[in-house]
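J.: Sequence:
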Amino acid sequence: MFGLFKKKTTEITTPVNGLVVDLKEVNDPVFSEKMMGEGFAIKPVDGKICAPVKGTIKSVFPSFHALTLEAEDGLDILIHIGLDTVELDGNGFSSMIQEGQKVDVGELLIQVDLDFLAQNKKDDIVIVVFPEMQDRKLQIKSGKIQIKEVAAILT
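Residue numbers (this note's numbering): 197 to 351.
No wet-lab data here; the hints were simulated from the structure. Any given hint could turn out to be false.
As a list, the in silico DSS-like pairs of lysine-lysine whose alpha-carbon atoms are at most 27 Å apart [claimed, not checked]:
| no. | residue 1 | residue 2 |
| --- | --- | --- |
| 1 | Lys250 | Lys317 |
| 2 | Lys337 | Lys220 |
| 3 | Lys254 | Lys298 |
| 4 | Lys204 | Lys230 |
| 5 | Lys239 | Lys220 |
| 6 | Lys204 | Lys254 |
| 7 | Lys317 | Lys239 |
| 8 | Lys204 | Lys298 |
| 9 | Lys239 | Lys318 |
| 10 | Lys333 | Lys204 |
| 11 | Lys204 | Lys317 |
| 12 | Lys230 | Lys318 |
Computed from a predicted structure; not experimentally measured.
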């Protein structure tokens, strides 16, 4: 009746060009065992990390390897760039954002030097998780994907 009981749908675009990977395949149990929440990962082909939704930046880690943002519908999203990249203390990362900033889909958030990560033997996988999904369901696309393409739908 008047949409009161209609389930909300949230489209999440990919934050980076690459190949969608199942979270279970991420080489870190914190993510692969979904301790941080449900989500997906992307094996990047470039280092441009962009906003997957229109929303607000909630936090940017000092080392720029991770950030959280809140979608317009209130959904919290964590983007984690690489594994053990916090150890690089921000080297190889450039942030284009600050906490509280409003962003649009596809807007550049972080630039990461994938060659630098490889030289430092860091996995460059980009992880997107939803820490507080509650009882929503997640459908994830597979295969190659480009920025602004829908990677996941939450219902």
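J.: Determine for every hint whether it applies to the structure shown.
T.: So, going through the hints one by one against the coordinates:
no.: 1; hint: Lys250 <-> Lys317; verdict: 33 Å, violated
no.: 2; hint: Lys337 <-> Lys220; verdict: 15 Å, holds
no.: 3; hint: Lys254 <-> Lys298; verdict: 10 Å, holds
no.: 4; hint: Lys204 <-> Lys230; verdict: 23 Å, holds
no.: 5; hint: Lys239 <-> Lys220; verdict: 13 Å, holds
no.: 6; hint: Lys204 <-> Lys254; verdict: 22 Å, holds
no.: 7; hint: Lys317 <-> Lys239; verdict: 15 Å, holds
no.: 8; hint: Lys204 <-> Lys298; verdict: 21 Å, holds
no.: 9; hint: Lys239 <-> Lys318; verdict: 13 Å, holds
no.: 10; hint: Lys333 <-> Lys204; verdict: 11 Å, holds
no.: 11; hint: Lys204 <-> Lys317; verdict: 41 Å, violated
no.: 12; hint: Lys230 <-> Lys318; verdict: 21 Å, holds
Checked against the numbered hints above, the structure violates hints 1, 11; every other hint is satisfied.
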